[in-house]
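Please take these sequences and the hints and turn them into a complete structure.
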Amino acid sequence: MRHNPKLSLLALCLLSACSSKPKVADYEPTLKSLVAKATPAATERGMGTDEAWAIAAYRKFLAVAPKATQRAEALRRIGDLEMDRADSGSDTPQSTAGPDYREAIARYQEFLKTYPNDPANDRVLYQLARGQEQSGDLGAALATLNRLVAQYPTTPTFEEAQFRRGELLFTARDYATAETAYATVLVGGTGSRYHDRALYMQGWSQYKQGKLEAAIQSFFGVLDQKIGTVDDTQEASMLSRADRELVEDTFRVTSLSLASLQGAESIPAHINSDKRQSYESRVYENLGELYLKQERVKDAADTFGQFARLKPLNAQAPLLQARVIDVYERTGFATLALQAKKDYVARYGKDSAFQTANTTGWAQAQGLVKAHMAELARHYHASAQKSKTSADYQEAAHWYRQYLEAFPTDPDSAQTNFLLAELLFEDGRFAVATAEYEKTAYGYPAHAKAADAGYAALLAYTRQLKAT
Numbered sequence: 001m002r003h004n005p006k007l008s009l010l011a012l013c014l015l016s017a018c019s020s021k022p023k024v025a026d027y028e029p030t031l032k033s034l035v036a037k038a039t040p041a042a043t044e045r046g047m048g049t050d051e052a053w054a055i056a057a058y059r060k061f062l063a064v065a066p067k068a069t070q071r072a073e074a075l076r077r078i079g080d081l082e083m084d085r086a087d088s089g090s091d092t093p094q095s096t097a098g099p100d101y102r103e104a105i106a107r108y109q110e111f112l113k114t115y116p117n118d119p120a121n122d123r124v125l126y127q128l129a130r131g132q133e134q135s136g137d138l139g140a141a142l143a144t145l146n147r148l149v150a151q152y153p154t155t156p157t158f159e160e161a162q163f164r165r166g167e168l169l170f171t172a173r174d175y176a177t178a179e180t181a182y183a184t185v186l187v188g189g190t191g192s193r194y195h196d197r198a199l200y201m202q203g204w205s206q207y208k209q210g211k212l213e214a215a216i217q218s219f220f221g222v223l224d225q226k227i228g229t230v231d232d233t234q235e236a237s238m239l240s241r242a243d244r245e246l247v248e249d250t251f252r253v254t255s256l257s258l259a260s261l262q263g264a265e266s267i268p269a270h271i272n273s274d275k276r277q278s279y280e281s282r283v284y285e286n287l288g289e290l291y292l293k294q295e296r297v298k299d300a301a302d303t304f305g306q307f308a309r310l311k312p313l314n315a316q317a318p319l320l321q322a323r324v325i326d327v328y329e330r331t332g333f334a335t336l337a338l339q340a341k342k343d344y345v346a347r348y349g350k351d352s353a354f355q356t357a358n359t360t361g362w363a364q365a366q367g368l369v370k371a372h373m374a375e376l377a378r379h380y381h382a383s384a385q386k387s388k389t390s391a392d393y394q395e396a397a398h399w400y401r402q403y404l405e406a407f408p409t410d411p412d413s414a415q416t417n418f419l420l421a422e423l424l425f426e427d428g429r430f431a432v433a434t435a436e437y438e439k440t441a442y443g444y445p446a447h448a449k450a451a452d453a454g455y456a457a458l459l460a461y462t463r464q465l466k467a468t
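Using this note's numbering, you'd call the opening residue of the sequence shown number 1 and step up by one each time.
Errors might be hidden in some of the hints.
[Claimed, not checked] Okay, the calculated beta carbon distance ranges per label pair:
(1) D231 / D452: 44 to 54 Å
(2) N272 / A371: 12 to 22 Å
(3) G136 / T180: 20 to 30 Å
(4) L239 / T389: 20 to 30 Å
(5) M238 / E213: 29 to 39 Å
(6) S88 / S240: 25 to 35 Å
(7) A346 / L239: 33 to 43 Å
(8) A106 / T190: 38 to 48 Å
(9) L313 / G191: 15 to 25 Å
(10) A334 / D249: 33 to 43 Å
(11) R252 / A371: 49 to 59 Å
Read the hints as simulated data drawn from the structure, not as lab findings.
Cβ atoms here follow ideal geometry from the backbone N, Cα and C, with glycine treated the same way.
Here it is in structure tokens:
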């Protein structure tokens, strides 16, 4: 083969321009896929030379200059170009399953064998592991990463290499070693670009080993970082889509961990900071949702209700207590739903402690307070009509009066007052019924029942006289 001086000259130019040591910025963080990773070989394209031409130039240089001092750099640059070509998908036949990293892998392996003590071998090992991982040879990739972190603990890619080791070990179900790899990443503190993901995956590694308390601590650590200082109303705009998905997944696996322990009873011990108090209600809510998916109705309702009991003045308490009612109603537990409505009215009704502590939350809860009072009154009124017992009549009268006291100017109050009078009449309490009929007829602005109430007042008075 004849010597091509143009190709050799090009190789020397490229080596001269690109032989400087790569900077830390060359290693942008990746998580599961490094396909889009830009390598220093990409700079050749900026010179107007595609990968194939540059590779040919370097190969020609190696062939004609067996003793040149730049041989090591040329061989490494061939690997980089082959890697870049595989990443970009160029020269990849459409019939193949995906990019072919075999040439890049072979060149890096050749380099390491030929130059075992080269000071840039940490970078070569990094690239080799990446090529092996992208080729699906996860065992080889893990072995290469093991070698990288063992031989080059100060390499700029150390944290990324440990994170990738963790992922490969987790995939191989070596959860204990994966946990150690993720813990090594976490030594770098929250400033590490891999911190939050490493903490999340450390939690998963602990969860898979049955170390549930430790896993929960890791997951709460993720939530502390992502939403511990973010207002609920701003979360959607302040978090990236990836972070929102991370938060959602973290709540899910936290719920799985709690459910494997003592459920909601395990939560309070972990709510030990202002950050965690800011999202505490969501921990209960997500655990309750998990129980609903598992058709554990009572556990779900108890979880929602526990937060409302433990944090009665929290702005989210009425919302979770309302979930208790909804769960019982949808699943046919009428008696439990009835008691939950009583609890709701007692906690968030007129003159409750919640009214003083959280005026805005109290105002928002009044719609349900009103609805539940009306439902309770109707329920016991219907029960009294069937049972004819004084206890049911008194219970119904109690809820009618509670409604009228809490909502005296409500448009439905006149109708409610009329129903109270009817109830008292049915119970034979004619004197009190007469007073309530008269109040209904003349104590409210004009309404549909005014005339009926006036006539009923006369009937009730007549019955009162007969009774005496």
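Results for each hint:
1. D231 / D452: 44 to 54 Å: 52 Å, holds
2. N272 / A371: 12 to 22 Å: Between N272 and A371, where Cβ atoms are some 37 Å apart, the hint is violated.
3. G136 / T180: 20 to 30 Å: Holds, at about 25 Å.
4. L239 / T389: 20 to 30 Å: 57 Å, violated
5. M238 / E213: 29 to 39 Å: About 30 Å separates the Cβ atoms of M238 and E213, which means 29 to 39 Å holds.
6. S88 / S240: 25 to 35 Å: Cβ of S88 to Cβ of S240: about 26 Å, so the range 25 to 35 Å holds.
7. A346 / L239: 33 to 43 Å: Since the Cβ atoms of A346 and L239 sit about 37 Å apart, the hinted range of 33 to 43 Å holds.
8. A106 / T190: 38 to 48 Å: For A106 and T190 the Cβ distance comes to about 40 Å; the hint holds.
9. L313 / G191: 15 to 25 Å: 37 Å, violated
10. A334 / D249: 33 to 43 Å: Hint holds: Cβ distance 36 Å, inside 33 to 43 Å.
11. R252 / A371: 49 to 59 Å: 32 Å, violated
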